[in-house]
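So you can see what is in the structure, the chains are spelled out below.
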Amino acid sequence: MCPDNATAVGGAARARDELEILLERVRAPLREVFGRLEVVASEVIALRRAALAERGVFTVADLARIKPTVIEQATAQPAADGFGFLVAAGVLPDRDRHIEWWQRTGTGFAPLRLNLDPSSVDVYEYFEMEWFVAGRDHGRRAVFGPYVDYFGADRYVFTVTYPAIDETFLGVAGADLQVSRFEPLLLNALRGATHDAVLIGSEGRVIAANTSRWLVGSRLRKVPRTAEGEFIAVGEVGLDSDWVLALAADA
Amino acid sequence: MAAEGGGVSVMRAALISPLNARGRAEEVVERISRAILLGLLVDGEQLPTEAEFADQLGVSPMTLREALAILRQQGLVETLRGRNGGSFVRRPEDPPLAPLEERLRSTTVSELRDLADEQLAVSGTAARLAAERASAANVRRLLHLVEQLAAAKGVGARIRADSRFHLEVAMASQSERLTRLEVSLQAELTALLWLPLEPQPVLEDVVAEHHAIAVAIAEEDGERARNLAERHVERNLRRIVEMHLGLRGD
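If you're matching them up, the sequences are chains Y and R in order. Be aware that the first sequence starts at 1029, since it is given in our numbering, and climbs by one per residue. Be aware that the second sequence starts at 86, since it is given in our numbering, and climbs by one per residue.
FYI, nobody ran anything at the bench for these hints, they're computed from the structure. Don't take every hint at face value.
[Unchecked claim] Covered stretches of chain Y, going by a simulated chain R footprint (3 or more residues, C-beta under 8 angstroms):
| no. | region |
| --- | --- |
| 1 | 1075-1083 |
| 2 | 1132-1138 |
| 3 | 1233-1247 |
Backbone N, C-alpha and C fix where the C-beta goes; we use that ideal spot for every residue, glycine too.
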């Protein structure tokens, strides 16, 4: 056995061990956000069950009681710029589209009002958005972005969603996370890595890296699935995120 | 949250900075009416409470009330009383042309050229970065916005489809700062480009230029996207200078 090869094999094994540790650390901030969204989703389910048991109907007024829970969860996550619930069609008797969404302002949270009239050319058609479709068609959570939101100030964000399902799909609890505030949590997770590490989202978009070799928001030609090319260890973050963590040999 | 659709937040009106230091209320009127013209504030959208909105725009509630009164007179905002009351955006299909003509007449060629200089830097770079970074959804929306411009009949629809295209390119670049710059450039320039003052129809040419930019971005050809975007800015500048000179000659 040639000693060089033995070193390489040992190096790859060490990289895989490190990858597992880093993957677990990257999952922590995602789990934290999903946990908060799950609280909101569960509360919607509870409010609906109570309303149906009492009066046989679940209305906008019943859903509006979600507000203190949303504000509490949003306040506890400083990266959250917006937080709320987007309702599925057929859940409320009086309207197909409805959102309970609060946007962080200088002084607290203000309700976001959007045009949800489907007959308008300007309708905010959330039924078609990837993160809503993930919940409705696949019962999946979703992490979307980073992307520049529609002309907002300080709006380079991730959108994270969690479906509310009580036999039937009720909608998604969602949060917009500011990249500038969420990035430190991800970089913290990658701190201490002995390899160059890059977190990659769908379409090969760089989410975060512990090196200037890859810059957030740019795209790799190809998402690595296994150790190949410059990467010596590659693993999936999971949690419905589509995120992949890859460790590279020294450049 | 509002990425994939036409949904907007009223905070966007705060992004449009005023041209001149005038009365505070007039300044707010200008910002809000441009945001409505560009479709940043959409028809039917409910404005926040006066206290919230004043806070977002960084003006006193008194100034905002004054501005809302002017906007109501102009028919751009409607205030309803009662339990489901509030102030709502009312966007006319086409903007009144006289104030736009007045703006074009009173802007000098040197100012127009300088605006285009800034846009050359912003739109060119945004197009290059978009070619490297755009998502499949960005590309789909760009192509859709090209079709929307081709089908746009009136001045208002053309302004919205044109500016939305350039804003989408900026958003696809993943740069919040470039997007912000592009928003204020669009607010200053785009409405003037569609004044019905040109002897020859230009819609088809503009649609072809947008289409070529979208295709270069889809094909991830950054240098071509940048060159096409820069040429587009230069052509638009010539159009707008010709219109300005024509108005002066009247």
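**Study point:** Hints that the structure is at odds with (numbers, increasing)
**Key:** 1
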